[in-house]
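*Asks:* Take these sequences, add in the hints, and give me the full structure.
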Amino acid sequence: MLLEISELKKTYTQGNQTIEALKGVSLTIDRGEFVAIMGPSGSGKSTLLHLIGGLDRATSGKVLINQQNLTLLSDPELSRFRRLKLGFIFQFFNLLPTLTALENTALPLLLDDQKLSQVEPRAKALLEQLGLKGRLDHTPDQLSGGEMQRVAIARALVSDPLLILADEPTGNLDSKTGLAILELLSKMVRDQGHTVIMVTHDPKAAEHGTRLIKIRDGAVEEDRRRA
Amino acid sequence: MRNLLTYVGFRHLRRKPLRTLLTTLGIAFGVALYLGIRLINESVLNSFQDTIESITGKAKLTVSAGDAGFPEERLEIIRKIKGVKHAVPMVESRAYFVGSLHDGAEKPAETMMILGVDLLQEQSVRTYKTTDEQVIDDPLVFLNQPDSIILTHTFAKAHGLKIDSVFELATSHGKRSFTVRGLLSPEGPAKAYGGAIAIMDIDGARVSFGKEGKTDRIDIVPTEGESPDDLSVRIKSTLGPGYFAERPESQSESMERMVKSFQVMIRFFSTLALLVGVFLVANSVSVSVAERRREIGTLRALGATQKGILALFLGEAACLGFLGSLAGIFMGRALASVLVQFVTRSLTAQLLQKVEVSKIDFTLTSALIGVLVGTLAAFIAAVIPSFRATRIHPVEAMKRTEAAVSQNSRLTRYTPHIGFFLLSFMIVTVITGLDLRFPGLQLINQGASMIGAALLGPALVVRLIRLNMQLYRKFFGVIKTIPRLAQDNLLRSPARTASNITSLMFGLLLVIMIAVVNHSFRTSIEIWLDRTFKADFLVSSNGQITSYQVQPLDESVGFELGKIPGVRTGLNGSAYAVRYIHLQYQGKQIGLKAFDAPDPKLGYFTYDLADQKPEKAVPLLYMGNEPTVMISTNFAAHFNKKTGDFLDVETPSGIIHPKIVAILTDFASPQGVLYIDREQYKKYWKDPLVSAFGVYAQPGVSPDTIRKEIDSRFGATRNIIARSNKEVKISLMSAINQSFTYTRAIEAAALIVGLMGLLNTLLISVMERTRELGTLRAVGMSKAQLIRMILTEATLLGALGAVAATFFGSLIAYLWMTHSLTHTLGWVVNFYFPWSAILSTLLLGVVVSGFAGLYPAWKAAQIPISEALDYE
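If you read the sequences in order, they're chains A and B.
Counting in the working numbering, the first sequence runs from 1 upward without gaps.
Counting in the working numbering, the second sequence runs from 1001 upward without gaps.
It is worth saying that the hints were derived from the structure and are not from the lab.
Each residue gets a CB set at the ideal place from its N, CA and C atoms; glycine is no exception.
Possibly wrong hints are sitting among the right ones.
Unchecked claim - To give a feel for the contact side, a few chain B residues facing chain A, derived at Cβ under 10 Å:
# : residue
1 : Leu1491
2 : Met1781
3 : Ala1861
4 : Ser1866
What the hints assert, rightly or not - Derived lysine-lysine pairs resembling DSSO-like cross-links, with alpha carbons at most 27 Å apart:
# : chain 1 : residue 1 : chain 2 : residue 2
5 : B       : Lys1480   : A       : Lys85
6 : A       : Lys85     : B       : Lys1783
7 : B       : Lys1783   : A       : Lys62
Claimed, not checked - Pairwise CB distance ranges (calculated):
#  : chain 1 : residue 1 : chain 2 : residue 2 : range
8  : B       : Phe1420   : A       : Lys115    : 38 to 44 Å
9  : A       : Lys115    : B       : Ala1784   : 17 to 23 Å
10 : B       : Gln1470   : A       : Asp141    : 18 to 24 Å
11 : A       : Lys187    : B       : Phe1851   : 47 to 53 Å
12 : B       : Leu1018   : A       : Glu222    : 42 to 48 Å
*Replies:* Here is the structure:
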């Protein structure tokens, strides 16, 4: 078991109101799974992803990744965990505009004080695998949407993470490019044994997952594995 | 529009309390400095006017002939002139109050103005009222006792003196005791000089202050129907050259002329602080517009007009300006009270005459001006960003895009070009001398150069960051991730970086310019003093010898000093005497120094000649029957004179036409100084008094022995003191430092506003990059790394901003000092680069910007990552 979530709760205060975004979610995810999380807007799916990724702190409950309880980590420990054990893919790619494709890919390791010369071969290899051989020195404004998302995927893979978290990875792409990205993610799971958790609105995108979890009103409504 | 402002504008200001506070404070500081300096300037001028009006009383004309006075016999001549109803003489002397004899201990020297009056005639011009409301009606009693003196109630109370108290004053014959015979209520002349005056009988004053047979001024009341201007012409033609018959207002105007350039300069510096506030408001409104794109789009979609949006943002800015100005007027009033003593000290040191301000004139008009200036400044600052708000298209505004505060609008793109144009304009007009031909250009140039530098400077900062990265890569290889990201951020949006640094650069520019002027003044004077002042001691009465604010001494003191064993005397057997007085030359006040002839064996170091060899020129000053003069470099510049020319100098004995034998360096007067042989001076000015004596020890004699002897012979009984060469230099340097003290407040205010500007823009910069910062945190950047990155950005901005400010500030100050300063302030001063001040400014840039970066960095680290990633 790679991920274990138990009784995870998250409440927000908005003005005088307290909003329960997650109402005690519990679930486990194994290595090599491609989990698609679906749900309507405001259902709590992004909150769940953020808590799994250590981007937010839970009000109560536990998130264990590879037996490591994220809720107990300090900020420096959590930051280090994110850069070395987790990979993130965002809807808007979130690449740094001033860095080249190669540097963007290497960023998590550079933040870990590793030298570019050390990490460059791996970043280069990943970009080449993703079909970006001729784009290494390009900055984001010189890349297409699909290329940017592939750089983001390379960045998510650079530290060989335990878990890849994707938040609407195809939400800002046309359907053809989106499909290519989803196939790439499936391939990563299938061929390389990576574990991916993807939040999406799109049922077609969710079909690429090996497991579908539906969230509604802060609770798991449905959790099924595909055959 | 009112609804928009009430329901949207004001609520927005309330929702962003920190930004509202910072912007309001920025305006408040700007207004405070602007108003504070304005109040001081007005109070100085009012004080001149009050003093002159209080002293002149009912007189419509005052006859004078400069510091040295004129023969008392002139009174009878004046009285016979047609149209003169009353002519009343007066002797004026500044004396040092030594202390009360009853309190045992001597108090530190304090200056007071002695008015020697003829009480039998005084009532026709001035009225003195005692504290018991009695007009002094028994002058004979007063006259019978030569030690009698009348003080103001204010002065007496401050020094614990009563009727019949005995106290001591430094006179030209040493310390003398005086008895208080009356106390004046603060009316008429008793209001002058803040009450630090004393009334004596004119003959007593003449004897005590070395003015036997002399009068300093005669106040004239004309007969009924007589025009004072006509009478003035008649008096001048009767008395001949060297005499002035001025109306009270023209005396006041001449004082105003003397301080005008100084006041223009400090007003200029204070206006700059206000300008920093303007940058701050402009930035704040820009951010507001960027943040509220969607809100503007919604309002436009719901029917708000472009005019309404314009009015909304202008209204918000004017509201902040108004609030800031309200706070600013109270801060300005307080600042004026603190700064006034430094400004008057500075004026006193520059003009070599006492400038006092007894009260700050804070009127409703001053307050209204403060509010108007601040509100208007904020309003003007908001015009461009507000117009930008009106151009936001409703459909575009609804789209999900990141807030872009520093858009590369056409205006932003051309900002460095505008700056370059303004700076070039200043350089060309200064180098070609156009600014001297059209004096209005000097004021325009001051503004143009500062604004030009503030607009062009940020472009230089961006280039420096790029250069810094290139050099680092060249010499050290790959830049570490955090500094790399920090520099990338700065380079990514030059417009944002420029707006971040503008306000701080403005403050730093001011610091650099003041440092250059200060250092150049100090160094020029220090070097000149080292070259020319070699006497072991300077002997004078107690007082400020460096500004010649001492009670002049009888020249016999010089002969007594000459008799002290081991003292090297001049050719006449006396210690070397110098007399300094103020003089009118072509309607301007200049200084005149009369020196005893130097002993050629000692050398001619006193004369720092600019165009002649001393061995050749100095003897010419002391040879022959016809008077000759040397002129200072600034006199040569102001009056366009050179060696070989002749001057027309008015003396109490008539006009003399001395030939100029050399040009030399001297800093005693902003308009210029004449050097003359003291024998000639005594002959034409009829003044044997001496301001100070230079005492040289003979070879092998210890200066300490001589000093002990001077102290024992003169110290206790005569109130004459000997200051060592080192002490005089230290005292002069400290006077110069004091005269620049007020600039510290200007620097501090400009830096505080600059800091707030940077803090504000860094916060904006953090806000603009929220999603990116969220991404960095998501991919593993720790809070500490994030803080480090933002602090690196801030300090790099500060350090490079300081480098750019040093470059532009030094350039402007260099041009100003070498081309315009002589005409603005009067002096010819060499340019010296203030290395230590530059280093401290660089450090200041880093510290201020680091400080400004702390809060935005902390704030950025607190943003929840999940929220940052969703930030629009």
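*Asks:* Each hint: holds or not?
*Replies:* Hint by hint, here is what the structure shows:
no. : hint                               : verdict
1   : Leu1491                            : holds (7 Å)
2   : Met1781                            : holds (5 Å)
3   : Ala1861                            : holds (9 Å)
4   : Ser1866                            : holds (4 Å)
5   : Lys1480(B) x Lys85(A)              : holds (22 Å)
6   : Lys85(A) x Lys1783(B)              : holds (18 Å)
7   : Lys1783(B) x Lys62(A)              : holds (22 Å)
8   : Phe1420(B) x Lys115(A): 38 to 44 Å : holds (41 Å)
9   : Lys115(A) x Ala1784(B): 17 to 23 Å : holds (20 Å)
10  : Gln1470(B) x Asp141(A): 18 to 24 Å : holds (21 Å)
11  : Lys187(A) x Phe1851(B): 47 to 53 Å : holds (52 Å)
12  : Leu1018(B) x Glu222(A): 42 to 48 Å : holds (46 Å)
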